[in-house]
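These protein sequences, in sequence, are chains H and Z. So the first sequence is numbered by the numbering used here: it starts at 4 and just counts up by one. So the second sequence is numbered by the numbering used here: it starts at 14 and just counts up by one.
Hints are supplied without guarantee of correctness; some may be wrong.
Simulated crosslink set (DSBU-like; lysine-lysine; CA at most 30 angstroms straight-line) [claimed, not checked]:
#1 Z:Lys-366 x Z:Lys-232
#2 H:Lys-164 x Z:Lys-63
#3 H:Lys-234 x H:Lys-223
#4 H:Lys-187 x Z:Lys-197
#5 Z:Lys-235 x H:Lys-242
#6 H:Lys-187 x Z:Lys-360
#7 Z:Lys-366 x H:Lys-164
#8 Z:Lys-366 x H:Lys-187
Selected chain Z positions facing chain H (Cβ under 10 angstroms, derived; list incomplete) [as the list claims (entries may be wrong)]:
#9 Thr-100
#10 Leu-154
#11 Asn-158
#12 Arg-162
#13 Asn-280
Covered stretches of chain H (in silico footprint by chain Z; criterion: 3 or more residues with CB under 8 angstroms from a CB of chain Z, positions within the stretch not fixed) [to be verified]:
#14 76 to 85
#15 173 to 184
#16 210 to 216
The hints are simulated quantities; they were obtained by calculation from the structure and are not laboratory data. All C-beta atoms, glycine included, are put in the ideal place defined by N, C-alpha and C.
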Amino acid sequence: MPQAAHPWNGFWRCEVNISRRQILILLPAAAVAWKSVLAGTPEASSNYTMSDHWWGMLIDIPKCIGCGNCVRACQMENDVPDGHFRTWVERYHVSDEDMTNPEVISPDGGKEGFPVAEEDGKKYFFVPKMCNHCADSPCTQVCPVGATFIAPDGVVLVDPKYCLGCAYCVQACPYGCRYIHPTKEVADKCTLCYHRITKGLTTACCESCPTGARQLVDLKDPKDPIHEFLKTHPVQVLKPQMATGAKAFYNGLDGSVR
Amino acid sequence: MSGVEGFMYPNEYGLQWSVLIVLYPFITGLVAGAFILASLERVFHVEAVKPTYRLALLTALSFLIVAPLPLQLHLGHPERSPEMYFTPHSTSAMAMFGYVYLWYLMAVLVLEIWLDYRREIVLLAQSSKGLLRIVYSIMTLGSSNISVRSLAIDNRAGWIVTIVGIPSAFILHGYVGFIFGSIKANPWWSSPLMPVVFIFSAMVSGIACVMVLYMAITKLRKQPIDIRCVDSIAMYLFYVFIIDFSLEMLDLIHRVYEADESFRSLNFLVHTQLYIPHIVIQIFIGTLTPIILLGITQVVHLPEIVRKRMYATAGCLTLVGIFAMRWNVVIGGQLFSKSFLGYTTYKIGLVSKEGLLVAVFLSILPLFILWALIKLLPPWPVGNEAAPTAGD
């Protein structure tokens, strides 16, 4: 029977000639591409209900060794541009005579660690910083179009397709956690690795911390050890006078920390 | 990092708001102030300032047209700015901008100017030729009734618009102050006095601007300056300036006396980087000198020519002082770290998108617009036609 007489012939006319060898190459590539598409769309994550979570971070200052792993991991995971930081580490050097005026350094955000400290008998400690994912966040309050918002799971996010790049949120953040992305020209900040936590993973900074100084916490999860930790430790937030409802909880926070 | 002293959070090295954001409150201040001066004649019947009534309105309009340009140029994505109209965020002071601006432009200024000029527009539409005739015909909006009764209605409506316009002018500039004053993260800005200071400094700059423009334009037109008019404007400028300066000093004294956690950092800044722009230019050159000059004209009887020169000098210095005030608020508020442990510097570019040339262009653009508006709608009698001014 001649092929032209087949009623479905027109439908199949735009057939593509792909060899079995090409298919063997293309299929894994397509699978990898699809996986990255899925990773970028947290809404598509199965078994994740935003209202079941209330995310925050526990930062255990005595455990931080200032290695900068968290800063490097964050930059790699989130493609953070050079010279800008979604997280960084500060080293405090405090003398007992002048506690209100500490010497603080954070060379390149502490990404490559810190210079050797002087043996001068004064107090040294490291303070990892990041977005506090405030429950009453001043940054989301001021956004003129609502491009930055608090998700129902407590994570403060920016919609890069909606942000005007006016930088009002950068001005309003008391902790210096936001910046204008130099090429995208929109506000950028820590997303608490939203693409990971909505899949049941922890954040890149927590995963890479060798001492467990950073721990992702879910305040709505009754089984989360944070509840026991908060009961038994003197935990503080940064700049409590700002009343931002910060959810980055610091254990062992020194009074000199800004 | 060059230009950084002490410790700054690593995202704070560069300034977010540039000289263009300095221009924005400066320009809106001129708009609000010029309108308040116009309303003196219209609502409060201060006959002496009548020669500047229309000029003040046209000045306000020319600056208001330019006001959003620095903001647009500053935005990372200016093409998304209409979202402020379509999806404004109810808790954002900045989201108000679009509405306040449109309200002030269309419902106050354009409407008041149209009502005031309607008679001339109709007459010019009949007498002019070619393209101008079409322009004036469009500007009549199809209304060519200039009967006595119709003009009386215009006058009454214009008065109501001015009444609405005064609080609108306060809102226009008060909210600009609120944009800064409501940022609790920044102690240099965070103050309930900020909107009030902005309103009074706006009145100061607007009145000074119209006074200087009136004197300059009249001189260019080779017409005699109405000294009674300039005397009155200078008197209002003097009193409003006293209130403005008192409020600013109250804010300063309060900060110094309270000396909260930010004081050491801000105090250092005022004595170093901000010393020239704040202490020297804003306070001494731009505030105390014009107040003293204006004060002398109030208490000493001086010859007319001396008074004119003193008014012109005081007016120009006032504009410099108010610009310095905007600079010190916007730029000064970003020079210190929110950790209060360090400082950065602001280096203005020359030809960049937010550079010096753009700022200069945006500063003189309103003067070209004003020139065009004056050509189109002369604020003074032209030829034999005696243009009636408001309140006639």
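Check the structure against each numbered hint from earlier and tell me which ones fail, lowest number first.
As far as the earlier hints go, 1, 2, 5, 10, 11, 12, 13, 14 and 16 are violated by this structure, in ascending order.
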